[in-house]
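The listed protein sequences derive, respectively, from chains S and G. With the working numbering applied, the first sequence covers 7 to 517. With the working numbering applied, the second sequence covers 22 to 421.
Calculated directly from the structure, the hints in this document are not laboratory data. Don't take each hint at face value.
[To be verified] Capping the alpha-carbon separation at 27 angstroms, the derived lysine-lysine pairs in DSS-like fashion look like this:
hint, chain 1, residue 1, chain 2, residue 2
1, G, Lys290, S, Lys378
2, G, Lys233, S, Lys404
3, S, Lys324, G, Lys290
4, S, Lys323, G, Lys226
5, S, Lys389, G, Lys247
6, S, Lys80, S, Lys136
7, S, Lys346, G, Lys303
[What the hints assert, rightly or not] Listed next, the stretches of chain S that the computed footprint assigns to chain G, with coverage defined by at least 3 CB atoms under 8 angstroms from CB atoms of chain G:
hint, region
8, 185 to 199
9, 339 to 352
10, 383 to 393
11, 484 to 490
Using N, Cα and C, we set each Cβ at its ideal position, and we do this for glycine too.
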Amino acid sequence: MTDVILEMRGITKEFPGVKALSNVNLQVKKGEIHALCGENGAGKSTLMKVLSGVYPHGSYTGDILFDGNVCEFKNIRQSEERGIVIIHQELALIPYLSIAENIFLGNEISKNGVIDWNETMMRTKELLQKVGLKESPQTKVEDIGVGKQQLVEIAKALAKDVKLLILDEPTASLNENDSKNLLNLLLEFKGYGMSAIMISHKLNEIERVADSMTIIRDGQSIETLDMKKDNVNQDRIIKGMVGRDLTNRYPERTPKIGETIFEVENWTVYHPTHADRKMIDNVSLHIRRGEIVGVAGLMGAGRTELAMSVFGKSYGKKISGRIVKNGQEVQFPNVTSAIKQGMAYVSEDRKGNGLILMDDIKQNITLASLDKISKRAVIDENKEMIEAENYRKKLRIKTPSVLQKAGNLSGGNQQKIVLSKWIFSEPDILILDEPTRGIDVGAKYEIYSIINELAAEGKGILLISSELPELLGMCDRVYVMNEGSITGEVTREEANQETLMMYMTKRKVRG
Amino acid sequence: MQSHAQKERNYSSLQPKSPIKELLKNNMRQYSMIFALIVIMMLFQVLTSGLLLQPLNITNLILQNSYILILAIGMMLVIITGHIDLSVGSIAAFVGAISAILMVNYEMSTFGAVVVSLLVGALIGAWQGFWVAYVKIPAFIVTLAGMLLFRGLTMIVLEGKSIAPFPETFQKMSSGFIPDGSAANVVTLLIGAVLSVALVISQVKARRTQMKFDFDVQSKGLFLLKMIGMVVLLNVFTYVLASYEGIPNVLILLGILIIVYTYVMRKTKAGRHIYAIGGNEKAAQLSGIKTKQMTFWVFVNMGVLSALSGLIFAARLNAATPKAGNLFELDAIAACFIGGASAYGGIGTVPGAIIGGLVMGIMNNGMSLLGLGIDWQQGIKGLVLLAAVAFDIYNKNKAG
């Protein structure tokens, strides 16, 4: 058949002691966007690594046919020469180099080893035009936002004469607007005949752009669906991914809301290095006992900055405003005192700010509350073991032992370790910053259940999320932020995606 | 990427089949270091036709390496927090010079001079800790500056000359032995016996509590074997020392330091904080650890231990010289990396630093006994450092 650009047949890949892929088949047609779906750890990335030559020919079994030819890639270079380019989830750009230098990195336009800068700049301009990025080729990558960086990655792929573009979670770190742009761009390129494979957890995006999809579960290809013909919707995809119907994506909960236990009043924060930039502008909010309060906003709206500045001033300078807890004004001069006074903050960047990956699970769980397991500064290791074991069972962290290193666990289980750490510190107020980012559907449900339990115990929860359905499904009340201010507050009853979106883009009228 | 089910299978395949394998697998890195140390000892024992393990030479080994080992302990803490200290040799020289001026020129009492010297070390550590922890200048730069600064100050205060001799009480710190009237050094043997009993009691106690909580423990046979091995080793060691002059004072000091620092790093909150800072400073800070303060104190501690090392070196040499402590920092850093520290912070142990230091020390000593020149010694030591770290990284890659 001529309209098939890629066929992977019977791919099996084993790691010592583990079969990561078993007889996987994948067929991508010319000029289509093919979605690849599956839970974290299902084997999507492994499959793409086989395709792009990260795992060289010979380390797996099965055949790869690209453009009608059998391919035996020994490294990424060979696959790129054939027009297969992969854009990884973590962007591979060098921040201190310019856009042009990044686009032609490893692929420089040169004569006898000397770079032809004129040609490079011209080509870069063309490419930037194609991806719709209005930046000078000389701009350093560190000076542009994540959304634009993603566009640079795509321009880089285009510079390599890409025939099949593979995107691994392309919108994971983008806000709604940038995501929309990116997806439109993909559709545009599709119009020019480029094929793409897109790995994504965002089912609504798949619904929007994909022509067909393959679902992978436990290292096996389960089914390939034609989005139109098979009338695929999100529930159908989830069913394929988890192998069962997930009738309710958000666990049932009857809110038991009490009195106000936490208030932030007139909170204003300035940028830590640009002292005249106001990052948070006169924000006031309150949380009641047993309530889950959402914070919506686009990237850069100031949600994380708000959370961290409240949590022991771990962000920003010239912080002003009042914090009232249980009716009394309190001060959190540093993180230690915030924790002591019953605050907890689950950070957005799990690996970067939440966990010590090289340490074992038990050490991570007890890190924020070593006082609880120590007597006169000496840690009681037996007690530590018992407490950690306790949380492993309670939160169902999937590991044979709490002595396992945190870095060896999957995203969902790592998040459970972070949650254990903060539950163990016995806070009254938990600030959860994107608690389900990059976590698969099944584990998300478990995390939601944990959050609900915490609320039921009478804690106040502030849930920051970029996923509107999550806010709608979980929260009793949602604050919406834009440009450092709160632009709206909606109750569960009034909330829907349209209202939230409206407030998220609304500008505060300064008076 | 692997699914959860597969991961669990993967873990279970790692589960041990026999207790010996379990012991080896869980402590691979530690045991391979001890193993390497034993191999090197055997090698030089054979090459020097038995000279290496002579009582006299063992005592010499301890005296020669004590100041490096003391530095290595402090350096290990610095490296675990993710920093480095290049200035320790210069600090040791500077403090040695100060102590000489106090004791020789101003005839201050030994005790007073030692206290003042340690305080000077603490102040220098605080100076460097301030720049590293609070101003956030990379430790490499701060301590490189310190290395030049304090070497310069040493030469200034000594006016380019050596100061000697020290009072006898001070010399005893480094070259003395614990007082013992008997010819057979009964006190030394007694100390060995007492330590053996203490060791066995503490180990049995720890095992009992672990069993009480239903944790996994080593099988009884293995535990017994380990106990017997440790007790025999300890007593053979004290016996060998006893057949020369007994236990050197400096060994007592070193022993106390090793035990205290191992305990602090393994069992206390402070130790846990230090590991956490090196593992992920941001996560540690957001978990309520005062990262700046802790880093500052780690450097203060390094300053004090550098001062102590400088004092012991001066006492051994019985002089304060402008060149004292030259290249000590490199020996201490090498000891840590041979002993299993990670260059990126967060990993390493105090006993590891000691074993690494002993590997270096025995090689120095053995090669000197063989009559190898300093040129060859340097080269071979460099290769051993590289090989040790390469082996470590190879192992890690294999495991990961």
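Please work out if lysine 80 (chain S) and lysine 136 (chain S) have their alpha carbons no farther apart than 27 angstroms.
31 angstroms, violated
* **Outcome, coverage hint (the region 383 to 393 of chain S, chain G; C-beta under 8 angstroms; three residues)** => Per the Cβ count (7), the hint holds.
Holds or violated: are the alpha carbons of lysine 346 (chain S) and lysine 303 (chain G) at most 27 angstroms from each other? Holds, at about 19 angstroms.
- prompt: Taking 27 angstroms as the top limit, are the C-alpha atoms of lysine 233 (chain G) and lysine 404 (chain S) close enough?
  reply: 25 angstroms, holds
**Prompt:** Is lysine 389 (chain S) close enough to lysine 247 (chain G), meaning Cα to Cα at most 27 angstroms?
**Reply:** Given that 27 angstroms is the threshold and the Cα spacing comes to 26 angstroms, the pair holds.
Review point. Do three or more residues of the region 185 to 199 of chain S come closer than 8 angstroms to chain G, measuring C-beta to C-beta?
Key: violated (count 0)
| request: Below or equal to 27 angstroms on CA atoms is what counts here, so check lysine 323 (chain S) against lysine 226 (chain G). | output: 51 angstroms, violated
*Is the Cα-Cα distance between lysine 290 (chain G) and lysine 378 (chain S) 27 angstroms or less?*
Holds, at roughly 11 angstroms.
* **Holds or violated: lysine 324 (chain S) to lysine 290 (chain G), with C-alpha atoms at most 27 angstroms apart** => 32 angstroms, violated
Quick one: see if chain G covers the region 339 to 352 of chain S, three-plus residues with Cβ-Cβ under 8 angstroms.
-> holds (count 7)
Mind checking, does the region 484 to 490 of chain S have 3 or more residues with a CB under 8 angstroms from chain G? That given contact is violated, which follows from only 0 residues of the region 484 to 490 of chain S lying within Cβ reach (below 8 angstroms) of chain G.
Hint check: violations occur at hints 3, 4, 6, 8, 11; the rest are consistent with the structure.
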